[in-house]
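J.: Sequence:
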Amino acid sequence: MRAIRTRSQERILNLLKTIKQGISAQDIYVELRNSNQSMGLATVYRSLEALKLEGLVQVRTLANGEALYSLAQQDKHHLTCLQCGVSIPINQCPVHNLEDQLESSHKFKIFYHTLEFFGLCSQCQNLQAAGAGMATE
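Numbered according to the working numbering, the sequence shown spans residues 9 to 145.
Treat the hints with caution; some may be incorrect.
As the list claims (entries may be wrong) - In the DSS-like style, the derived pairs of lysine-lysine whose C-alpha atoms are separated by at most 30 Å in a straight line are:
id, residue 1, residue 2
1, Lys115, Lys60
2, Lys117, Lys25
3, Lys84, Lys115
4, Lys117, Lys84
5, Lys117, Lys28
6, Lys117, Lys60
7, Lys84, Lys28
8, Lys28, Lys60
9, Lys25, Lys60
10, Lys25, Lys84
11, Lys60, Lys84
Everything labelled a hint here was simulated from the structure, so no lab data went into it.
Sequences are here, hints too, so could you generate the full structure?
T.: Next up, the structure:
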């Protein structure tokens, strides 16, 4: 059974359908304003929260604390560099079987999951190694 959605929620869903990557609530607010579908920022946050609880929108929090919203179509997996912030998507998922087991054993409806590893990308590792080499000279 589909929940009744507000006009604001529908506008946000329609916008997210056109955007292929995560977007912040502030950027959603700006995009809607630019397309003459303006709504208050608090309404954007309330609508996103309702859509998240319905399982239609997923949120991913970056290392810097920024939350990115996207349609909950597929699970997301990333390698995220703590130094430069680059986020590298990974396609394989080692937890799909675990997800099925958890749904069954806990009678818990899982809408989506995220898997994120934090560390240093190769470029930042090279910069760090170069910096360490300079410090010893």
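J.: For Lys117 and Lys84, compute the direct alpha-carbon distance and say whether it is at most 30 Å.
T.: 18 Å, holds
J.: Below or equal to 30 Å on CA atoms is what counts here, so check Lys25 against Lys60.
T.: 15 Å, holds
J.: Is Lys117 close enough to Lys28, meaning Cα to Cα at most 30 Å?
T.: 25 Å, holds
J.: Verify the proposed pairing of Lys84 with Lys115, using a straight-line Cα cut of 30 Å.
T.: Judged against 30 Å, a Cα distance of about 23 Å means the pair holds.
J.: Is Lys25 close enough to Lys84, meaning Cα to Cα at most 30 Å?
T.: Status holds; Cα separation ~16 Å.
J.: Assess, step by step, whether the Cα of Lys117 is no farther than 30 Å from the Cα of Lys60, and give holds or violated.
T.: Within the cut-off at roughly 14 Å; holds.
J.: Is the hinted pair Lys84 and Lys28 satisfied, with a Cα-Cα distance of at most 30 Å?
T.: Holds: Lys84 and Lys28 sit about 13 Å apart, inside 30 Å.
J.: Holds or violated: are the alpha carbons of Lys28 and Lys60 at most 30 Å from each other?
T.: With a Cα-Cα distance of about 17 Å, the restraint between Lys28 and Lys60 holds, given a limit of 30 Å.
J.: Would you mind confirming whether the straight-line C-alpha gap from Lys117 to Lys25 stays at or under 30 Å?
T.: 23 Å, holds
J.: Given the hinted pair Lys60 and Lys84, is their Cα-Cα distance within 30 Å?
T.: Distance ~15 Å between Lys60 and Lys84 Cα, so the pair holds.
J.: For Lys115 and Lys60, compute the direct alpha-carbon distance and say whether it is at most 30 Å.
T.: 20 Å, holds
Of the numbered hints listed earlier, not one is contradicted by the structure.
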